[in-house]
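There are 2 protein chains.
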Amino acid sequence: MKARVHVTLKYGVLDPQGKAIAGALGSLGFPGVNDVRQGKYLELDLAETDAETAREQVKAMCEKLLANTVIENYSIELV
Amino acid sequence: MKARVHVTLKYGVLDPQGKAIAGALGSLGFPGVNDVRQGKYLELDLAETDAETAREQVKAMCEKLLANTVIENYSIELV
Numbered sequence: 004m005k006a007r008v009h010v011t012l013k014y015g016v017l018d019p020q021g022k023a024i025a026g027a028l029g030s031l032g033f034p035g036v037n038d039v040r041q042g043k044y045l046e047l048d049l050a051e052t053d054a055e056t057a058r059e060q061v062k063a064m065c066e067k068l069l070a071n072t073v074i075e076n077y078s079i080e081l082v
Numbered sequence: 004m005k006a007r008v009h010v011t012l013k014y015g016v017l018d019p020q021g022k023a024i025a026g027a028l029g030s031l032g033f034p035g036v037n038d039v040r041q042g043k044y045l046e047l048d049l050a051e052t053d054a055e056t057a058r059e060q061v062k063a064m065c066e067k068l069l070a071n072t073v074i075e076n077y078s079i080e081l082v
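Residue numbers (the numbering used here), protein chains in the order written: chain A, 4 to 82; chain B, 4 to 82.
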């Protein structure tokens, strides 16, 4: 089973990387870029075949390693 | 208009970060993680309101800055 995980900064947390990208896009001649937020996108290939068990495993992985839950949100999509 | 961009390594390109994450998950006691691929997830807030024009703009941004098209794929989703 495959899982897709998005890890994004929580609303209100400053995103210096996003700001840098927005600035670079502006200087590269792309006007009209109001804001950019950058996060992580992970694809996990799991041996588990049961969806509910896989979701619980990935949730635990996010809580322990993949996301810093103080400043980041995560979303899990099973495929 | 908002655009969501996923930038991922092309198939076959070695992903050292993904390998490191898979290894860390294994040592944290998560068996059954066959593979992990890590990519970038970007949310762009654009002033443009026309979908087609916005898609063309974001495509050009990906080609110029957001993705290294030699080793990376990108996908654009307008919201």
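You may find that some hints are simply not true.
[To be verified] Only part of the chain B face toward chain A is listed, based on derived beta-carbon distances under 10 Å: (1) 15; (2) 19; (3) 33; (4) 47; (5) 50; (6) 73; (7) 74.
What the hints contain is simulated information worked out from the structure, not anything from laboratory work.
Just so we're clear, the structure is a prediction, and the values are computed from it rather than from any experiment.
Virtual Cβ for every residue (Gly too), placed ideally from N, Cα, C.
Outcome of the hint check:
A cut of 10 Å between beta carbons decides the hint on residue 15(B): the least distance to chain A is about 15 Å, and the hint is violated. For the restraint placing residue 19(B) at the interface with chain A, the shortest Cβ-Cβ distance is roughly 14 Å, beyond the 10 Å limit, so the hint is violated. Given hint, residue 33(B) at the interface with chain A, holds; its Cβ is 6 Å from that chain's nearest Cβ, closer than 10 Å. For residue 47(B), the interface hint holds, the least distance from its beta-carbon to any beta-carbon of chain A being 5 Å, beneath 10 Å.
Here the hint on residue 50(B) is kept, as its CB sits about 4 Å from the closest CB of chain A, short of 10 Å. Checking residue 73(B) against chain A: minimum C-beta separation of about 18 Å lies over 10 Å; hint violated. Taking 10 Å as the C-beta cut-off, the interface hint given for residue 74(B) is violated, the closest approach to chain A being about 16 Å.
In this structure, the earlier hints numbered 1, 2, 6, 7 are contradicted, and the remaining ones agree with it.
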